[in-house]
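**Student:** In order, the protein sequence lines correspond to chains A and B.
For the record, in the first sequence the residue sitting at position 198 is 251 according to my numbering, with numbers rising by one throughout.
For the record, in the second sequence the residue sitting at position 512 is 617 according to my numbering, with numbers rising by one throughout.
Hints are supplied without guarantee of correctness; some may be wrong.
Claimed, not checked - Result set (SDA-like, lysine to any residue): computed pairs, CA atoms no more than 25 Å apart in a straight line: (1) A/K363 <-> B/A292; (2) A/K440 <-> B/A292; (3) A/K451 <-> B/S190; (4) A/K449 <-> B/G206; (5) B/K208 <-> A/V439; (6) A/K363 <-> A/L383; (7) B/K208 <-> A/R450; (8) A/K449 <-> B/H205; (9) B/K261 <-> B/P178.
Everything labelled a hint here was simulated from the structure, so no lab data went into it.
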Amino acid sequence: MFNLKTTPFHERTSALCQPQNWRKWAGYFVVGSYEHTLDREYWAIRNAAALIDVSPLIKYHITGKDAAALLHRVTTRDIHKMKVGQVVYTGWCDEEGKMIDDGTVSRLDETTFRLTAAEPNLRWLMMNAVGMDVQIKEVTDEIAALSFQGPNTKKVLNRIAEKPLDELKYFRIMENKINGIQVTISRTGYTGDLGYEIWMDAKNALPIWDAIMLAGTDYGITPVGILAMDMARVEAGLFMLDVDYTSTTHAWTEAQKSSPFELGLDWTVALDKQGYFVGRRALEKEKREGSAWKMVGLEVDWVGMENIFKRVGLPPQIPGMAVRGSLPILSGNVQVGYASTSTWSPLLKKYIALAHLQKPYYEIGANVRMEITVEHHRQHAPAKVVKLPFYEPEWKRK
Amino acid sequence: MTADRRRQTIDFAACGQEKELFMTSNQYDAIIIGGGHNGLVAAAYLARAGKKVIVLERRHIVGGAAVTEEIFPGFKFTEFSYVVSLLRPEIIRDLELPKHGLKILPLPSTFTPMENGDYLAAWDDHDLTRRELYRHSPKDAEAYDEYSRVMARAAKAIKPIINLIPPDPSSLHPRDVLNLLKLGQYAASLSEKELYRIAKLVTQSSADLLEEWFETEALKGTKAASGIIGTFLGPRSPGTAYVLLHHYMGEIDGAFRAWGFAKNGSGGVSGSILNAAKALGVEIRVNASVAQVKIKNGRAAGVVLENGDEIQSKVVMSAADPKRTFLQFVEEKYLPDDFVTSIKNFRVRGSSGKVNIALSKLPRFTALDEPALYRGAVSISPSIDYIERAYDDAKYGQISKRPYLDMIFPSMIDPDMAPPGQHVLSCFVQYAPYDLEGGWNDERRTQLGEAVISTIEQYAPNIRECIVGMQVISPKDIEAIAGITGGNIFHGELLLHQIFFLRPVPQWADFRTPLKGYYFGASGAHPGGGVMGAAGMLAAKEMLKDGVL
């Protein structure tokens, strides 16, 4: 029988997954949730230490004299300025300045980079590498990855890592050893909390998992599935390909495509960098003329929502997890945008959403209304445009 | 000025002096006596309305009975109150408490070990709980869902009353009439069935209520326990069904779900309110014990501290218990006789204690070897008879030989509560009567600790070898440390004759007092205790309405 792949941690994760809640991710099975409710997993991210199997992330090793030049050309960041040991988050665009994918670039040494992506990008990278002295290799299967997120993670890693993590700054990567096994550790993640991603040879996956789980016992370590992570990433204002935007490679219409500016990634578009990069001209034009859309944070007014539910005699009923479904956003009775992911935030005690709004409704403080379903009826709860991220603890960058 | 309602005030103010009063440059708009959570909430709401507010706290830390202290190095005890369930959602929103550090962590299960070596558990998954109940009684497993729905509906039905200023039913003052009207409208919105259900609930005993539904002793015992918390009643005493319902109200906020264990314990709750209050400009003074409210021209005009310092203000609010508020801070002559009598008769019989334990490791419960049980509550309530017997001891001035215990392991929920690998255990214990025969002393305190440990030992025989430190808090200690007269955790029992428009005294349930400019916003006022913050919030709102601020 043909099955999807399992990750190198499957032997451990499958033994722990109580509700048999599995999700597909880039051709792999990963745990959706380990427990029957998401509460504890979510709070492990925000109050303790959450261990998340993120092995399905697509990974490329890009090496050679022109490795930097290739990434400088493909992505919107100024890759030549990157120091060894630095990590940057970036999107990459087509010639029209519309997003293909997004991920992180780590400079492992002068001529070696690791690029992560949500979808396969090998063909695109190859096309852009014509004539360059560069090798591109997909290492998704060979490299297992754990995302270790939460305020206690540094203490746990310091118990077992050969070199202490105290010096590892936000968005930096280091070579290290755990129980004598070679790993690289980056201070990155998809939760907006203090956190690390640990990259290792797939054949070392289980001993590393075991070492971290053991060291974390006294610090509230909890294996966490991708559903709880989904709530945390919305709070952190982080979006997801195919949920919050459509890759140009999948889009059927122009309207489905998004530019980095429209997704609020202005800070990642280095228009001041030297030389050509894919999409430059279109992005320069958009920068000059302004964007028609913008992805923003939306906060639903609880009392307003409560009042709508009160009419049918119910307290507010919203799902206790992130919902990846489009919800219309109105101003007056006119639709001015849509929310692409919405979630209850257990920490903020707010109903929040990542929303795409048309000019001028995307300004901070703008009042709009978001669709909610109340007893099978479509209603609209008052909501306000707010700055992203919704949640940023002081220890994230410190 | 004359009294604006039938209720009696003692009017000292001569009209001509009013003007002078407002011309003096008062240092503060409002003084709040007591830095417990209600005092802090009131201060924050007043500051939010632009008022200059100072909170005076007797101890070196604020929080009152919602404090977390490191009694043994590295072990943090949520000393008195220990869970969040009733904290008002609007306070969380209005004061932006999450931004100021409030994190409410899940407390997903309840585990009740039984005397025969078995156990009863309620887990965070509905089907798991149902299957577990089915093991004891298929009938109860079915009744449980219906019971939960009926209780939730009843709680929902009476919940709007929490935020209502209790009207004086005997008054024709427009404010009272309006509030009575609101209450009437609200009562009219309930179905007949709901009205009868509520009438029954507020008069019944929790034992009678539960026996209508269930046959499993451990289930009835565990449910009945929440009907006696903070009262000097047993599960067979009428009125306890209401207390049970009072605790149910924390569970019906729909998606809001503000119930669980606060990060850093109850000190985390008051800590977040403190941060919010400070951010709003509230001034906090600790080690500032109030001796008396200063009265000028018949109005509260400030306070005198025990060290002799005087602080002036336009109004004063007490967040202390009713006895301190009216019998200690104010001389009797400033209050009507019948009011003083009523306050003297207000029942504040402390009935519970707290034992906080530092553990080198987790004890093992013989009934079940399951790590998940340590993340929820462990309830020693094997039957209604067990709890009623515990009450029998207390009725005659004794510590219960086998007390009811509500235990949680805070370090299993928030790992930062204890040093890595070690734990803290919080045991709420009832009954430990304030009026103990022979009085409280070290020996009796040891006896209380021993009653708790030997009770736990029945179900977790290795408990003694896990203990590295222990703090025993009797009702006398609650009084001495948190300053609550009688050591009652609700500042006064939630008895039928002490709730709503009767709390603390008939005709004075609207947070005002017979002394002008003096307000009362604490657990002894409507709607009562349980780290709700409602009294503080409502009192602040009433203070702002009176036009003095």
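**Student:** Compare the structure with each hint and give your call.
**Tutor:** Now for the hints, and whether the structure bears them out:
{"no.": "1", "hint": "A/K363 <-> B/A292", "result": "holds, 16 Å"}
{"no.": "2", "hint": "A/K440 <-> B/A292", "result": "violated, 43 Å"}
{"no.": "3", "hint": "A/K451 <-> B/S190", "result": "violated, 33 Å"}
{"no.": "4", "hint": "A/K449 <-> B/G206", "result": "holds, 15 Å"}
{"no.": "5", "hint": "B/K208 <-> A/V439", "result": "holds, 21 Å"}
{"no.": "6", "hint": "A/K363 <-> A/L383", "result": "holds, 21 Å"}
{"no.": "7", "hint": "B/K208 <-> A/R450", "result": "holds, 20 Å"}
{"no.": "8", "hint": "A/K449 <-> B/H205", "result": "holds, 16 Å"}
{"no.": "9", "hint": "B/K261 <-> B/P178", "result": "violated, 43 Å"}
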